Amino acid sequence: MIWASVLLVGIGCYALKLGGLSVPQRLLDRAIVQRVAALIPVALLAALVAVQVLADGQRIVLDARLVALGAAAVMLALRLPFLVVVFGAAGVAAVLRLVGWLP
Amino acid sequence: MVVDSLGVGLATGAYGVSFGAVATASGLDVWQACVLSLVVFSGGSQFAFVGVVGAGGAPLAGALTGLLLGSRNAFYGIALAPTLRLRGWRRLFAAQVVIDESTAMAIGQLKDRPGDERRARVAFHLTGWTIFVAWNLMTLAGALAGNAMGDPRTYGLDAAVGAAFLALLWPRLTAWPQRVVALVGAAAATGLVPWTAAGVPVIAGGAVAVLVGLALGRRTVRA
Numbered sequence: 001m002i003w004a005s006v007l008l009v010g011i012g013c014y015a016l017k018l019g020g021l022s023v024p025q026r027l028l029d030r031a032i033v034q035r036v037a038a039l040i041p042v043a044l045l046a047a048l049v050a051v052q053v054l055a056d057g058q059r060i061v062l063d064a065r066l067v068a069l070g071a072a073a074v075m076l077a078l079r080l081p082f083l084v085v086v087f088g089a090a091g092v093a094a095v096l097r098l099v100g101w102l103p
Numbered sequence: 001m002v003v004d005s006l007g008v009g010l011a012t013g014a015y016g017v018s019f020g021a022v023a024t025a026s027g028l029d030v031w032q033a034c035v036l037s038l039v040v041f042s043g044g045s046q047f048a049f050v051g052v053v054g055a056g057g058a059p060l061a062g063a064l065t066g067l068l069l070g071s072r073n074a075f076y077g078i079a080l081a082p083t084l085r086l087r088g089w090r091r092l093f094a095a096q097v098v099i100d101e102s103t104a105m106a107i108g109q110l111k112d113r114p115g116d117e118r119r120a121r122v123a124f125h126l127t128g129w130t131i132f133v134a135w136n137l138m139t140l141a142g143a144l145a146g147n148a149m150g151d152p153r154t155y156g157l158d159a160a161v162g163a164a165f166l167a168l169l170w171p172r173l174t175a176w177p178q179r180v181v182a183l184v185g186a187a188a189a190t191g192l193v194p195w196t197a198a199g200v201p202v203i204a205g206g207a208v209a210v211l212v213g214l215a216l217g218r219r220t221v222r223a
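These protein sequence lines map, in sequence, to chains E and G.
Counted from 1, the first sequence has number 56 at position 56 by the working numbering; the numbering is strictly sequential.
Counted from 1, the second sequence has number 216 at position 216 by the working numbering; the numbering is strictly sequential.
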C-alpha cells in the first residue's frame, strides 16, 4: 500500500507538471481558477502544520513539538535559512525532552 | 545569473537532507524516500506525504494531500509554457523540474530583462536540474543518517516536520486574506483530529479554508 501510494503521488505530481506545460493558455485566464490555485498551498500547509504539531493519532496533545514550532516561527521572522529553522526546531524539541521538561 | 541559479539550486537541494531524515523517521525505508524524491520531486508534496503517513494516516490520504499540494506546479507550467516553448521529449524531461524555485528564477529573469527569453530558459533549466541532482543526493544522505539514528523523537525529528511546513508556508503569508485562510485551515484541521481518521483533517480542513478564502475574496471585491 505504501509503494502503491508512493507511485501514485509521484506519477500524479509529474502529470500535473506536464499537464501545466501542455494545456491551452486560456484556462489560466479564469479568475476563479487562479484564486483557488493560490489558496490551496496556504490552506493545506497551514492544516499540515497544525496536525503535525498538535495531533497524536486522534488526540490533541500539547508537547515539545508546539514549543519547537514557536522557535521555528521566531527563526523564520529572523529570516534564518530553511535548514537552520528545521534542524533548529528539532534541536529545541530534543533538548526539552532530554532535560525532561516536556514529553 | 548562472551563479544565482547554481546558488539557489544548491541551497534548495540541501533541504533534501531534512526530507530524507524526516521520511525515514516517519516509517518509510530508504528506497521509498529516494523514489519519492526522484519521482515526486516537489518538496511540499513529499513532506505532506510522509507527514500524513508518519501520523498514522492511510497512505492513500497522504498521496491525495501530496497531489493537492502538487497542483500548484501545474499553474507554474501554464505560466512558463510560452517562455520555455518546449516540444516532444524535451517537454517530457523539463516537466519534472517545474517547481517553486525554477519557476521563480525564470519569472524573475523575465521581470529583470523583459523579452530576453533565452536567459529565462537558462535560469529555469540550470536552477531546476541543479536542485534535482542535489535534492536526490541529499535525500539519500538524510535517509541513511535517519535510519542509523534510532528513535526519531529523541532528536526532535517529529517536531522538524511541523517546522518544515511552517517554513514552506511563511513566504506565502504576505497579506491578510492568506493569513486568515491559514488560520482557518489550521483551526479546522485541529478541530477535526478527534473526530476523523488520520489524514482526513488535513484535506478537509484545507478544503474549508479554501472555501473561506473564496468567500473573503468575493466580499473584498464587493466592498
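Check each hint, because a few of them may be wrong.
Derived CB-CB ranges, DEER-like [claimed, not checked]:
hint, chain 1, residue 1, chain 2, residue 2, range
1, E, P24, G, W195, 23 to 33 Å
2, E, A4, G, L144, 51 to 61 Å
3, E, V74, G, T174, 31 to 41 Å
4, E, G57, G, L214, 49 to 59 Å
Some residues of chain G that are not near chain E, with every Cβ distance over 10 Å (derived) [stated by the list, open to error]:
hint, residue
5, R121
6, A134
7, D158
Simulated from the structure, these hints should not be mistaken for lab results.
In this text, all values refer to a predicted model and were calculated from it rather than measured experimentally.
We treat Cβ as the ideally placed atom computed from N, Cα and C, and that holds for glycine.
Problem set entry | G/A134 remote from chain E - nearest C-beta pair above 10 Å | Holds, since 12 Å exceeds 10 Å.
For this session: Evaluate the condition: distance from the CB of G/D158 to the nearest CB of chain E exceeds 10 Å.
Result: violated (6 Å)
Exercise. Does 51 to 61 Å hold as the CB distance between E/A4 and G/L144, or does it fail?
Worked result: violated (24 Å)
For this session: Take a look at whether the Cβ-Cβ distance between E/P24 and G/W195 falls inside 23 to 33 Å.
Result: violated (42 Å)
For this session: Hint says 31 to 41 Å; check whether the CB-CB distance for E/V74 and G/T174 agrees.
Result: violated (19 Å)
Exercise. Quick one: are E/G57 and G/L214 within 49 to 59 Å, going by C-beta?
Worked result: violated (32 Å)
Problem set entry | Separation of G/R121 from chain E, once the least beta-carbon distance is taken, above 10 Å | holds (13 Å)
Checked against the numbered hints above, the structure violates hints 1, 2, 3, 4 and 7; every other hint is satisfied.
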